[in-house]
Each structure stands twice: as C-alpha cells, then as structure tokens.
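S.K.: Sequence:
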Amino acid sequence: MDESKVVIQMKDIVKKFGDFTANDHINLTVHKGEVHAILGENGAGKSTMMNVLCGLYKPTSGQIFINEKEVHFNSPKDAIDIGIGMVHQHF
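By full-length UniProt numbering, the letter at position 67 of the sequence shown is numbered 67, and the numbering carries on one by one without gaps.
Worth flagging that the hints you see were computed from the coordinates, not collected in a lab. Certain hints may be false.
DSS-like cross-link-like pairs, simulated, lysine-lysine; straight-line CA separation at most 30 Å [said to hold, decoys possible]:
(1) 58 to 5
(2) 77 to 16
(3) 46 to 32
(4) 69 to 58
(5) 11 to 58
(6) 11 to 46
(7) 11 to 69
(8) 46 to 5
(9) 11 to 32
(10) 58 to 16
(11) 16 to 69
(12) 77 to 32
(13) 69 to 32
(14) 77 to 11
(15) 16 to 46
(16) 77 to 58
(17) 58 to 46
(18) 32 to 5
(19) 77 to 5
(20) 46 to 69
(21) 69 to 5
(22) 77 to 46
(23) 58 to 32
Could you build all of it, start to finish, from the sequences and the hints given here?
M.R.: Now the structure itself:
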C-alpha cells in the first residue's frame, strides 16, 4: 500500500450562505491509509465542509481532488459514484 498517495484533497474551500461565511479557505489532505477526526465547536463549519465533500453543497470557491484528479460534484450521487459518502449522526 502506497501510504504517501493523496486520496482526498480540499484546497482553499470557501462556502458562503449569502453574507455568512461558513468555511473560509479550508484545506484538508488525506493520504491513503490515514484516519482523520474533524473536531470543533457547534457552528465551526465541520458539517458544511463534509457536505461540500459529499456533494450536498457546492463550494463558493476552491477545489476538490480525489486520487489527485479534480472533481466537481453536482449532487451527492456524483460523489457516491466515485466512492465518497457520509452517514449522518441522526440517521
């Protein structure tokens, strides 16, 4: 297993809802074999970031790379089709 391979990369992700900025230039890199925990206070933008990664929200700006290839999700189905999904805590 090549653990140096980047499998998920979010670069300078911004997500705005009107004048409110939920994510302000978020960067995340996940290498093959890594496990990450996303922690923060209520309202910190954790769920928004994950919803962008899973195709529920389109980022206002920034880039997402999966296996070093830039992707653009128009729906959660687009994310699921390449192997990205999320189980919500209230499911």
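S.K.: With reference to the structure, classify each hint as holding or not holding.
M.R.: Evaluated hints:
1. Distance hint between residue 58 and residue 5 is fulfilled; the C-alpha atoms sit about 25 Å from each other, no more than 30 Å.
2. Note on residue 77 and residue 16: the hinted pairing holds, with a Cα-Cα distance of about 22 Å set against a maximum of 30 Å.
3. About 21 Å separates the Cα atoms of residue 46 and residue 32, which keeps this hinted pair within 30 Å; it holds.
4. Restraint check for residue 69 and residue 58: the C-alpha separation of about 17 Å stays at or below 30 Å, so the hint holds.
5. The suggested pairing of residue 11 with residue 58 holds, with an alpha-carbon distance near 14 Å, which does not exceed 30 Å.
6. Annotation: proposed proximity of residue 11 to residue 46 holds, straight-line Cα distance about 15 Å (limit 30 Å).
7. At most 30 Å may separate the alpha-carbon atoms for a hinted pair to count; residue 11 and residue 69 meet this at roughly 12 Å.
8. Among the hinted pairs, residue 46 with residue 5 is consistent with the structure: their alpha-carbon atoms are about 24 Å apart, no more than 30 Å.
9. With a C-alpha separation of about 17 Å, the suggested pair residue 11 and residue 32 falls inside the 30 Å cut-off, and the hint holds.
10. Using a Cα cut-off of 30 Å, the hinted pair residue 58 and residue 16 holds, with the two alpha carbons roughly 10 Å apart.
11. For a cut-off of 30 Å, the pair hint linking residue 16 to residue 69 stands: about 24 Å separates their Cα positions.
12. Pair hint residue 77 plus residue 32 holds up; C-alpha atoms about 23 Å apart against a cutoff of 30 Å.
13. For a cut-off of 30 Å, the pair hint linking residue 69 to residue 32 stands: about 15 Å separates their Cα positions.
14. Among the hinted pairs, residue 77 with residue 11 is consistent with the structure: their alpha-carbon atoms are about 22 Å apart, no more than 30 Å.
15. Restraint check for residue 16 and residue 46: satisfied, since their Cα atoms lie roughly 14 Å apart, inside the 30 Å limit.
16. Restraint check for residue 77 and residue 58: the C-alpha separation of about 13 Å stays at or below 30 Å, so the hint holds.
17. Distance restraint check for residue 58 and residue 46: the Cα-Cα separation of roughly 15 Å lies within the 30 Å cut-off, and the hinted pair is therefore satisfied.
18. Of the pairs offered as hints, the one joining residue 32 and residue 5 holds, with about 6 Å between alpha carbons and a cut-off of 30 Å not exceeded.
19. Proximity of residue 77 to residue 5 is assessed by CA-CA distance (about 25 Å); at most 30 Å being required, the pair is judged to hold.
20. Under the criterion of a C-alpha separation no larger than 30 Å, the hint pairing residue 46 with residue 69 is consistent with the structure, at around 23 Å.
21. For the given pair, residue 69 sits about 12 Å from residue 5 by alpha-carbon distance, which is consistent with the 30 Å threshold.
22. Using a Cα cut-off of 30 Å, the hinted pair residue 77 and residue 46 holds, with the two alpha carbons roughly 21 Å apart.
23. Between residue 58 and residue 32 the CA atoms are separated by roughly 25 Å; this keeps the pair inside 30 Å, and the hint holds.
Every hint from the earlier list agrees with this structure, and none is contradicted.
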